[in-house]
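My request is simple: use the sequences and hints to build the entire structure.
Number of protein chains: 2
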Amino acid sequence: MLCMEAKEILKNHVCKITQLTDEQFDYFFSHFKKQSYKKGQAIISDGDNVDCEYFVISGCLKSFFINDDLKMYILQFAMPTWWASDFNALYNHTKATINLDCITDAEVLCLSNSDREKLCNELHSVEHFFRWRTNRGYVATQKRLLSLMNNNVKYRYEELLKMYPELYNIVPKNLIAAYLGVSRETLSRLYSSEK
Amino acid sequence: MLCMEAKEILKNHVCKITQLTDEQFDYFFSHFKKQSYKKGQAIISDGDNVDCEYFVISGCLKSFFINDDLKMYILQFAMPTWWASDFNALYNHTKATINLDCITDAEVLCLSNSDREKLCNELHSVEHFFRWRTNRGYVATQKRLLSLMNNNVKYRYEELLKMYPELYNIVPKNLIAAYLGVSRETLSRLYSSEK
DNA sequence: TTTCAAATGTGATGTAGGTCACGCTAGCAC
DNA sequence: GTGCTAGCGTGACCTACATCACATTTGAAA
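Chains A and B are the protein sequences, given in the same order. Oh and the first sequence: position 143 is 143 in our numbering, straight run, nothing missing. Oh and the second sequence: position 188 is 188 in our numbering, straight run, nothing missing.
Any given hint could be a false lead.
Each pair may be met inside one copy or between any two copies, as identical chains are not told apart.
Said to hold, decoys possible - The calculated PhoX-like cross-link candidates involving lysine-lysine, where the alpha carbons are at most 25 Å apart (straight line), are:
| hint | residue 1 | residue 2 |
| --- | --- | --- |
| 1 | K95 | K143 |
| 2 | K7 | K62 |
| 3 | K62 | K143 |
| 4 | K162 | K95 |
Please keep in mind that the hints were generated in silico from the structure rather than gathered at the bench. Bear in mind that the values here come from a model prediction, so they are computed numbers and not experimental data.
Pasting the structure below:
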């Protein structure tokens with residue numbers, strides 16, 4: 001039943017962008033594997049071989065980097081219909097340098113790198129979809145890069161909450177800080193000062 | 001003659017990634033328009049409609065953002081075989097917020113957004129190529145984002161020069177600073193302090 | 001209900017890098 | 001040649017944010 005739901009969510013997401021017949025979509029979908037994870041559970045850890053990318057059905061993931069001083073920087077919060085992985089490791093067949101884990105209980109659909117490439121090769125529409133998806137991620141990351149250079153923490157914080165208001169309730173502030181690239185103390189002082 | 005050379009450069013670049021017959025490549029290439037620009041000349045300016053993306057044959061471009069205080073932040077230096085544009089505006093049919101201009105005299109091949117989409121639609125291999133290209137840009141931008149949050153200016157400067165040593169001779173230091181997201185004064189103090 | 005860890009607030013102090021101001025040099029325009 | 005502007009160095013001072021330390025709150029587990 002929830003499996004049915006997952007299929008519908010993915011279908012909705014993909015068919016908004018590209019045309020697939022029902023049979024084609026069924027075939028596409030048959031390559032995904034459903035997984036459930038508990039809050040706090042790791043999906044990809046530093047040093048792992050990375051085989052899959054993950055389409056979020058429910059819950060919230062984070063992909064993040066840990067530096068030598070054990071400081072965490074969050075690359076992405078992944079909410080339903082978002083895709084997450086260590087894309088660098090996935091595309092280049094290197095070990096993971098990015099971690100992926102669960103902020104809440106989560107259900108995802110996994111697609112392996114080789115299956116994605118196979119599907120892209122077999123179905124032009126699927127290749128089109130994945131081109132679209134990466135374009136979107138690329139442009140969003142460029143915007144974030146500029147914002148990081150150009151705007152102060154306060155502005156970036158407000159921008160983030162305007163864009164993803166649901167994060168405010170789901171994600172603890174120390175993780176928001178790790179996304180914005182500041183210390184949790186500085187972030188805390190921000191909204192105690194305003195109003 | 002240089003036109004022949006441009007064609008070869010593009011062919012080399014594309015066929016490293018994807019299979020195209022000679023006729024297919026000729027057809028692909030027929031949609032590009034060669035353009036020459038002088039040092040300092042603008043290709044895309046803030047507020048423009050953005051129709052094309054640009055494949056660099058020779059010279060060096062920069063894409064950059066100017067904020068309200070007239071401070072410049074450089075998104076990308078584009079050397080030969082790199083692609084540049086305001087991809088956000090291009091994909092989303094909005095006005096340019098990113099500028100593109102020439103650090104040196106430059107020759108480029110222009111491809112319009114509609115021709116790209118047409119070609120991607122007609123030739124699966126072309127769609128594959130563009131998916132690959134954006135994947136690469138996406139991953140590189142994510143890395144830069146992390147480096148910006150995690151590393152200090154000195155490290156980022158050395159990292160940049162290690163990756164693109166040719167920039168050192170071509171690009172004035174104030175532009176390097178604008179790429180790293182620091183003031184030219186700070187950058188200047190860096191390498192006067194070391195050794 | 002108690003307990004414990006995670007999440008959060010806040011003061012004191014340190015620091016990387018920004019800003020402003022000025023001077024020098026080199027190459028291009030006339 | 002003369003003048004002018006872009007590029008670059010450098011000192012003095014300022015500021016946003018980091019770091020460290022400690023207190024308080026909260027929510028989930030036992």
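Index of numbered hints that the structure contradicts, given in increasing order: Per hint list: zero violations.
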